[in-house]
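Enquirer: Sequence:
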Amino acid sequence: MATKPNNKDNVIKYSSLLVLVLQNTSLVLFMRYAMTGNRPKFLKAISVFFAEVFKFIASVILVCLQERSIKTGLAQIYDQFVHHWRDALKVLVPAVVYTIQNFLLYVAVENLPAATYMVTYQLKILTTAVFTVLVLGRKLSIQQWISLFFLFGGVAIVQYGSASEALNSTMPPVLTRTKREVHEQNSILGFIAVLVACCMSGFAGIYFEKILKGSSVSIWIRNIQLALPSIFFALLFAFVKDHNDIFADGGAPAAIWGRMLHGFDWAVWVTIAISAFGGLVVAVVIKFADNILKAFATSFAIVLNCILAYFLFNFRPTMFFVVGASFVIGAVFVYSIYPYRALARGSLRRELKHVGNLISRATHESLVSHYEGAYHCEGDQAAVIGALIGYANHRVTRSRSISPHDGTHPFLVVVMTEALI
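In numbering that gives the first Met the number 0, the protein residues as written are 0 to 420.
Think of the hints as simulated: they come from the structure by calculation, not from any bench.
Zero decoy hints are in this set.
Below, simulated BS3-like cross-link-like pairs (lysine-lysine); rule was C-alpha separation at most 27 Å, straight line:
1. K89 to K212
2. K7 to K286
3. K12 to K212
4. K212 to K7
5. K286 to K209
6. K12 to K286
7. K40 to K240
8. K138 to K12
9. K209 to K89
10. K138 to K212
11. K138 to K209
12. K138 to K89
13. K12 to K89
14. K43 to K240
15. K7 to K138
16. K12 to K209
17. K286 to K89
18. K209 to K7
19. K212 to K286
20. K286 to K138
21. K89 to K70
Here the structure is a predicted model, which is why all the values come from computation and not from measurement.
Go ahead and model the full structure; you've got the sequences and the hints to work with.
Expert: Structure representation (structure tokens):
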């Protein structure tokens, strides 16, 4: 049974969501700065590798700070990997899934127009909600489901407008293709790849949330367990994706290392540091909030990024942005003010009204006298009383208002039912 979050948890929850919005916004701005202009091109896959390394180092430091001792912190990390290795292997699942997801996204980017890719990838918002229900057993209200569709639509519209504008501006090569490259794209393969990636994104996020909330292991140790295999997979992916650039003409290890770091200036390193910091913040958000709220935070960051781009990069808001931003902001408010309730008030009233119809064949006084007389009644009255008590107990028990094991007298249930009609 879940415990009610205390004030401290709520402070961490909303503070981490705010920090995540700011982190995502700054990450996009620095990434755009690092990837445009006359700067030398750098290998994006290698930057992902270094982000995982930074996250691993930061998590180790945080464990030591948490234990207030380097020796104790390292001993705890060792204990989790050696003596609790089966538990540590659980985190290998999202690490593998995230690696496959990154590969599929690379396939999707290579085979879909930028606008189509950006819009379709927002389906991860809906897949996250679906896996929240399937894996965690969490329930969402109708209004929350509607808000999620509006969130998907709003982000998709904003991204579509941004991608359309990007085709007429200086952007990374992956977003601007020649006619020959577009002709060689396999749109069906790209569409399937992005759909599978969306499903994997939703599953991996929810699975990691279940791991974080299902044990007392520190979130920083969980981050170490996730980062360690991710470092290996990220480096492997980089070697596969950028093999020709890294191993061009062979060479000594120093030459290979130099090609890996080609184009890494201060802006790239700041981008990597912000990305690694985001990995730490996401763990806190998932621990104290959930993946759906994370999706809202990152979506709101997209809107905030466009607003800041107006001042920093001469971004001109279009009708796409205005409509999409309105959808996102509206979805945030609707999702927050209409949480799921076990039994909505309107449906409870309808069910109680149905119980009242059963009472119509017998007056309240006769019901009291007959029930207190241990069913000393005849014909229809006995049937009505039996049906009413059974129905009321069944319905109220289902709504969890009264437990069947708390000693509540069935007659009290009937009287309470009629009084509420």
